[in-house]
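Protein sequences appear in the order of chains A and B. The first sequence lines up with residues 1 to 151 when you count with the working numbering. The second sequence lines up with residues 152 to 485 when you count with the working numbering.
Hint data in this document are derived by calculation from the structure and do not stem from the laboratory. One thing to keep in mind: the hints can contain errors.
Simulated crosslink set (EDC-like; lysine to aspartate or glutamate; CA at most 20 Å straight-line) [claimed, not checked]:
| id | chain 1 | residue 1 | chain 2 | residue 2 |
| --- | --- | --- | --- | --- |
| 1 | B | 318 | A | 30 |
| 2 | A | 37 | B | 355 |
| 3 | B | 251 | B | 230 |
| 4 | B | 232 | A | 117 |
| 5 | B | 162 | B | 454 |
| 6 | B | 376 | B | 191 |
| 7 | B | 207 | B | 237 |
| 8 | B | 171 | B | 154 |
| 9 | B | 232 | A | 138 |
| 10 | A | 68 | B | 174 |
| 11 | B | 207 | B | 177 |
| 12 | A | 68 | B | 177 |
| 13 | B | 162 | B | 174 |
| 14 | A | 33 | B | 309 |
| 15 | A | 33 | B | 355 |
| 16 | A | 133 | A | 99 |
| 17 | A | 60 | A | 83 |
| 18 | B | 403 | A | 117 |
| 19 | A | 68 | B | 230 |
| 20 | B | 318 | B | 344 |
Chain A regions said to be covered by chain B (calculated; three or more residues, Cβ under 8 Å) [as the list claims (entries may be wrong)]:
| id | stretch |
| --- | --- |
| 21 | 31–44 |
| 22 | 58–70 |
| 23 | 98–108 |
| 24 | 138–147 |
Derived contacts from chain B toward chain A, CB cut-off under 7 Å, selection only [unchecked claim]:
| id | residue |
| --- | --- |
| 25 | 249 |
| 26 | 264 |
| 27 | 312 |
| 28 | 323 |
| 29 | 324 |
| 30 | 334 |
| 31 | 336 |
| 32 | 337 |
| 33 | 339 |
We put the beta carbon where it would ideally sit given N, CA and C, even for glycine.
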Amino acid sequence: MGEQDIGNVIIALGARGGDYVEVYAPPSRELLKVAVKIGVDNIYSMGLYVGMMAPGIWFKPSLPLAHKLAPLCKSKAKCVEVDEAGERFFLYGRSVLSERVSGWKPGLVLVLNTRGEALGWGRGTITNIGGVKRRLLEPVWDLGWYLRRGG
Amino acid sequence: MYELLARVFEKVKTRASDPKVRELAERYGYKAYMVARYVEVLGWSGTQHLLEANEKPLTPTIRCNDYLIDCGELEERLEEKGYVLERLEFPPLGFRVLEKGVGSLGGTHEYLQGYYYIQDAASMSIAYALTPEPGELIVDMAAAPGGKSTQILQLTRDRALLVAVEKNPRRIRPLRSHLQRMRFSRYIIVLGDSLRVPLPAGADRVLLDAPSTGEGIIRRDPSRKASRSLSDLSYIHETQYRLLSRAISLVKSGGVIVYSACSLAPEEGELVIHRVLQEHPEVTVEPHGLPATPGVTSYFSVDLDDRIASCGRFWPHIHDTEGFFVCRLRVRRN
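Model the full structure from these sequences, guided by the hints.
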């Protein structure tokens, strides 16, 4: 097999029994050729899992994509960093107060820990808690999902 | 039923009626036919040692994912959390977890980052027998939950093309989770029966970690002492033989197949290989390179192919692992 970057090829697989679509980026042409021989209907997953699309969700970026993009946090990507306690909250699927978030920003963000490791995707929101507006980081898809659900 | 298996079973039944065998089986909670077979392979003293070893729970072991992290760093990070680790002599990336730290072993942040996989030492040895290389097309015919699939991609630095097949929709979910958690991408997961689903021919290597009676995992699941019968064993042998025959059809000429089963039963190991060697002259046995004991070549007065001595078995009482059979085969067609 040749080593070829074919990053512009995206495959969407209809999820089994669900109304969502999973999006994959095959890392090589060889992988695509083998997938064709196997038959798309028999394939459960392939290559880099990019994310999913479903009714009401335009696009939910995946955990593997978070790892893939984490090196871009220093320059291009929209990222925040959580402290150690914030990391624990986030991986339990709980919101994190902005005091524990370095570089808090609104909207979808890639979440890192203090070591620079990707923890998943979050969303910066402003929420009214007890009459006070608080800035939060809400989990969108965190690594704790591998324990809580997986699949 | 395979004629050789029928002959063996007759002798197993006779041995199982021996009062000494029955007494030993009763004392440890096994079906008598199982103990009869252990006595045949190990003798009385070896059987006693095996049955005693099976009473002791396995010390947990993990495989460091050196594709993502330096194993010394992983060791330090887990020790900061109170874990006490000891490196295994073999396989090289394995650690024995002597004391657990904060949280469960499958719930640490290091685990979620994909830095290790919880796996028995015998199980994590099997991928070394396959010797996967970057650039190769490799099929894992019974891939869930993914210990060996992730290891194949780890050994090739995510540079092979792995086709991981699993027929159980419930078991395929952890397979995908582990491949993603450990950050591999050069794989296709196929939901289907390896006997029937379309698979690419001409694979460089095929791993068949065959579905088995699980006689090798009694230390983890003591119900296996009595949950299977001789007729189950016959059914499983037949399935294993058919799967291995399919593996032969998938591999290219010159390609390698590793057959393994988490079982102590020669019916699931040596007898499957013997049958394949008898019926497929294009198949030969190669040294597997693992620190396992040689395969059995004589079983209840049945002489098996001498080449099977080059297969191997991990024993709970000798290697302090799960029980595992492994055999490396090479296919050469004219």
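Violated constraints from the hint list, given by number and in increasing order: 1, 8, 9, 10, 12, 17, 18, 19, 23, 25
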